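Number of protein chains: 2
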Amino acid sequence: MSRKSHPLDPLFHPKSVVIVGASKTPGKIGHALLTNVLKYGFKGPVYPVNPKYEEIEDLKCYPTVLDIPGEIDLVVVAIPAENVPKVIGEIGAKGGKVAVVISSGFKEVGRDDLEKELLEYGRRYGVRILGPNIFGVAYTPKRLNATFGPTEVREGSIAFITQSGALGIALMGWTIVEKIGLSALISVGNKSDIDDADLLEWLKDDPHTKVVLVYMEGVKDGRKFLKVAREVSKKKPIVVIKAGRTARGMKAVSSHTGSLAGMDSVYSAAFEQAGILRADNVEEAFDWAVLFSTGKVPLGEETVIITNGGGVGVLATDACEVNRIKLLDPPEDLREAFSSYMPPFGSARNPVDITGQATHVEFEGAVESAIKHDSVKNIIVLYCQTAVSDPIKLAEVLVEQNRSTEKPMVASFIGGEEVAEAMEIMREREFPAYPTPERAVKALAAMLRWGRRRKLLDRV
Amino acid sequence: MSRKSHPLDPLFHPKSVVIVGASKTPGKIGHALLTNVLKYGFKGPVYPVNPKYEEIEDLKCYPTVLDIPGEIDLVVVAIPAENVPKVIGEIGAKGGKVAVVISSGFKEVGRDDLEKELLEYGRRYGVRILGPNIFGVAYTPKRLNATFGPTEVREGSIAFITQSGALGIALMGWTIVEKIGLSALISVGNKSDIDDADLLEWLKDDPHTKVVLVYMEGVKDGRKFLKVAREVSKKKPIVVIKAGRTARGMKAVSSHTGSLAGMDSVYSAAFEQAGILRADNVEEAFDWAVLFSTGKVPLGEETVIITNGGGVGVLATDACEVNRIKLLDPPEDLREAFSSYMPPFGSARNPVDITGQATHVEFEGAVESAIKHDSVKNIIVLYCQTAVSDPIKLAEVLVEQNRSTEKPMVASFIGGEEVAEAMEIMREREFPAYPTPERAVKALAAMLRWGRRRKLLDRV
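First to last, the protein sequences are chains A and B.
No gaps in the numbering here: position 255 of the first sequence is 265 in the working numbering, and each next residue is one more.
No gaps in the numbering here: position 14 of the second sequence is 24 in the working numbering, and each next residue is one more.
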């Protein structure tokens with residue numbers, strides 16, 4: 011990569027990984043961290059640090075960071091909170107650049123003093139701190155999984171920043187099951203030093219990241235966050251789930267993290283100005299991110315719906331209207347093109363109903379007509395499983411068509427086992443497919459919203 | 011069953027099933043209908059009718075309905091539209107009561123004349139007509155699957171009425187994958203005779219149906235529908251997905267079915283007065299139905315959230331506030347009970363955070379405390395997968411606890427493979443579990459809304 015060096019580079023592509031508090035005991039966090047780094051296939055040297063052991067997992071184990079023979083840059087710390095500040099000092103003395111502080115027992119349990127001390131050590135010794143109170147960091151392009159979550163994170167283009175540890179780890183497992191690929195996964199916890207803005211700044215220029223998804227409960231420095239977010243949003247979309255939207259939710263946030271959630275309407279307005287897309291919940295956020303991870307950008311507003319079921323066509327039409335997606339009235343030549351892929355009782359108007367008689371061949375023809383025609387900017391494909399059609403063949407066709415065009419495409423497939431299989435194929439090959447028409451439409455609507463905001467940001 | 015006889019009884023528990031247009035050719039609708047009836051295990055006689063064959067699937071095949079030796083009541087008709095009216099006459103002459111007219115080619119393609127003729131034959135010969143232009147009917151308690159959809163429909167308590175054929179068949183397959191059980195599945199198509207109101211009336215007294223889910227694009231007789239719906243809603247909830255909510259959606263409906271969708275706001279107001287719950291989309295409708303299928307009724311408003319993750323606790327709290335679910339401030343004795351199942355840094359306030367250290371044992375204890383305490387009326391359980399807890403054991407615990415109490419319970423599980431397995435276990439054993447906190451909360455909110463409306467209906 012030809013980009014300038016950045017203070018957070020060692021967090022994502024370290025030369026080596028040090029694990030302070032590495033353990034031999036399965037079930038311990040210090041064991042999971044080490045085995046994840048090894049199993050996930052990190053290419054550089056890995057140095058376990060623990061005065062109790064000579065070696066762990068066939069690796070020489072060092073009593074302290076200072077005893078490591080080679081150069082260090084990224085250090086994961088999983089030892090009792092009281093001992094962390096001193097270790098930060100040693101890391102700095104040894105030339106380490108970033109410490110991923112897994113340990114809890116700081117501000118989140120009222121030990122503001124200890125967190126302050128940790129931060130002071132970091133500043134004094136030139137060590138940037140991620141955390142404390144986190145489950146780690148993963149960056150799939152470098153096969154780095156320094157978390158105590160699941161091992162087999164899928165490679166992809168979504169960077170996920172999470173303030174909640176439990177939710178983050180649980181979602182890590184969920185993305186594996188759902189075949190959703192991540193570029194990065196960063197647990198920020200107490201955000202004592204490195205915060206969302208710092209990470210966004212780094213991810214902005216990361217060629218492997220096409221969209222940034224943030225779960226946040228509060229922001230430390232709102233002005234800084236919004237300033238960076240504006241810059242990032244011009245280039246790639248940011249999707250935020252902001253918890254603590256209601257009075258009682260805010261109360262829950264402060265009792266949970268000690269951070270102040272702040273007025274929700276203020277957040278919403280500020281997010282919008284910064285080009286940030288706010289999702290109502292986790293499912294929606296990932297729905298949108300899956301579309302954004304294709305790296306496509308909106309080319310315009312005019313959208314067509316191609317369906318083999320009248321009912322889902324109506325549901326999608328409703329959803330388009332509600333979510334302000336402009337449905338194209340197809341010009342005559344396009345209507346003629348569509349008509350050649352449907353029986354006489356089909357409809358070449360929008361929604362384009364190629365009817366329940368359609369196989370993947372008619373779908374392919376109709377979609378290809380939409381791809382080729384300049385008046386169409388976005389394509390929504392709806393499929394209801396029928397006896398005459400093969401959802402897996404259709405999935406394969408759509409994957410190829412999506413790769414062949416810059417026009418954003420989304421699909422909804424409804425049906426049984428074969429549809430579940432087709433959905434997997436599409437997810438694995440980065441085609442944004444959803445279980446309902448509404449979720450497909452809402453994802454496209456988010457992309458178009460981002461396109462509109464981005465234009466406004468560029469003008470300022 | 012000791013209930014009075016009803017004209018639609020033969021549709022759901024026929025003595026025999028006649029299939030006019032039964033076929034030997036796999037892939038044909040007349041073949042799928044016959045094999046589904048046989049494979050799904052219908053207990054009475056099955057009579058294929060088709061002049062072309064002597065026998066089909068080892069059953070004697072009759073040239074006409076009139077040649078059948080035994081008594082008939084339910085007749086499925088899958089022959090070209092032009093021939094249907096005459097066959098209705100023969101069915102009536104032979105004593106048949108209900109005809110399920112699969113055939114298309116009537117009003118939906120502009121042949122209003124043929125549909126009128128069909129209806130006249132039905133009236134003249136005393137035969138009630140379901141359809142035409144439908145995929146059939148299934149009633150699982152009697153192992154009746156007279157559809158050309160998937161065979162292995164799961165038994166359960168949700169009755170699903172659908173005006174869209176393609177969507178209905180596709181969802182039929184989807185319910186099998188999702189382990190969602192149905193009591194009945196009825197395709198209504200053109201609703202020439204039997205309409206939603208007739209079906210609701212029958213389902214009201216069906217002991218196997220705990221909730222009725224309706225996908226509709228238009229209502230023929232609004233007054234009749236609302237009158238029946240009011241009566242049904244007092245007893246069991248009705249969830250409606252009404253397509254054609256927007257101007258463009260309505261236009262799509264009329265070009266698709268020829269029926270008039272009508273003003274959406276009028277529908278919403280009328281639904282509310284009739285106690286009907288309106289769902290925004292198919293996923294939401296089934297989310298709600300899954301909770302209703304437990305047969306539980308709301309006992310009150312006060313709700314507690316029990317979670318092992320602070321973040322999801324906040325998300326659920328927000329969702330409760332937005333969806334008007336009243337979160338209980340737990341009285342002191344209950345707080346004490348909760349506290350015994352969490353470390354000191356947990357929270358016994360609501361959301362009750364038993365922390366990431368919780369195993370299924372702590373969950374069980376905390377949930378049991380909520381079940382036993384009178385102040386709690388509803389329980390929301392949130393689980394984020396952790397290394398120390400087993401989601402499958404927790405699922406088993408919750409299934410039992412849900413069976414032991416009349417209090418409505420919902421859960422959200424987030425995580426990897428084991429969570430996917432736990433979700434399956436819960437769905438199979440009729441515990442309402444969802445992939446996000448918001449969907450769990452919204453399902454409970456729908457139940458509480460039904461409870462409030464039901465009270466108002468009772469007063470009128």
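There may be inaccurate statements among the hints.
All copies of an identical chain are treated as equivalent in the list; a pair is satisfied when it fits inside any one copy or across any two copies.
Simulated crosslink set (DSS-like; lysine-lysine; CA at most 25 Å straight-line) [claimed, not checked]: (1) LYS382 - LYS214; (2) LYS465 - LYS104; (3) LYS465 - LYS234; (4) LYS104 - LYS152; (5) LYS152 - LYS387; (6) LYS214 - LYS38; (7) LYS14 - LYS38; (8) LYS38 - LYS403; (9) LYS49 - LYS152; (10) LYS261 - LYS387; (11) LYS152 - LYS306; (12) LYS387 - LYS14; (13) LYS245 - LYS38; (14) LYS96 - LYS387; (15) LYS336 - LYS70; (16) LYS336 - LYS261; (17) LYS104 - LYS237.
Just so you know, the hints here were simulated from the structure itself, not pulled from any lab data.
All figures in this text were calculated on a predicted structure; none of them were measured in a lab.
Structure-based check of all given hints:
{"no.": "1", "hint": "LYS382 - LYS214", "verdict": "neither (32 Å within a copy, 52 Å between copies)"}
{"no.": "2", "hint": "LYS465 - LYS104", "verdict": "neither (47 Å within a copy, 71 Å between copies)"}
{"no.": "3", "hint": "LYS465 - LYS234", "verdict": "within (22 Å within a copy, 52 Å between copies)"}
{"no.": "4", "hint": "LYS104 - LYS152", "verdict": "within (23 Å within a copy, 76 Å between copies)"}
{"no.": "5", "hint": "LYS152 - LYS387", "verdict": "neither (35 Å within a copy, 50 Å between copies)"}
{"no.": "6", "hint": "LYS214 - LYS38", "verdict": "neither (35 Å within a copy, 56 Å between copies)"}
{"no.": "7", "hint": "LYS14 - LYS38", "verdict": "neither (38 Å within a copy, 65 Å between copies)"}
{"no.": "8", "hint": "LYS38 - LYS403", "verdict": "between (46 Å within a copy, 21 Å between copies)"}
{"no.": "9", "hint": "LYS49 - LYS152", "verdict": "within (13 Å within a copy, 53 Å between copies)"}
{"no.": "10", "hint": "LYS261 - LYS387", "verdict": "between (44 Å within a copy, 22 Å between copies)"}
{"no.": "11", "hint": "LYS152 - LYS306", "verdict": "within (24 Å within a copy, 51 Å between copies)"}
{"no.": "12", "hint": "LYS387 - LYS14", "verdict": "neither (36 Å within a copy, 59 Å between copies)"}
{"no.": "13", "hint": "LYS245 - LYS38", "verdict": "neither (40 Å within a copy, 53 Å between copies)"}
{"no.": "14", "hint": "LYS96 - LYS387", "verdict": "neither (58 Å within a copy, 50 Å between copies)"}
{"no.": "15", "hint": "LYS336 - LYS70", "verdict": "neither (62 Å within a copy, 57 Å between copies)"}
{"no.": "16", "hint": "LYS336 - LYS261", "verdict": "between (40 Å within a copy, 15 Å between copies)"}
{"no.": "17", "hint": "LYS104 - LYS237", "verdict": "neither (34 Å within a copy, 80 Å between copies)"}
Comparing the model with each earlier hint shows violations of hints 1, 2, 5, 6, 7, 12, 13, 14, 15, 17; every other hint is respected.
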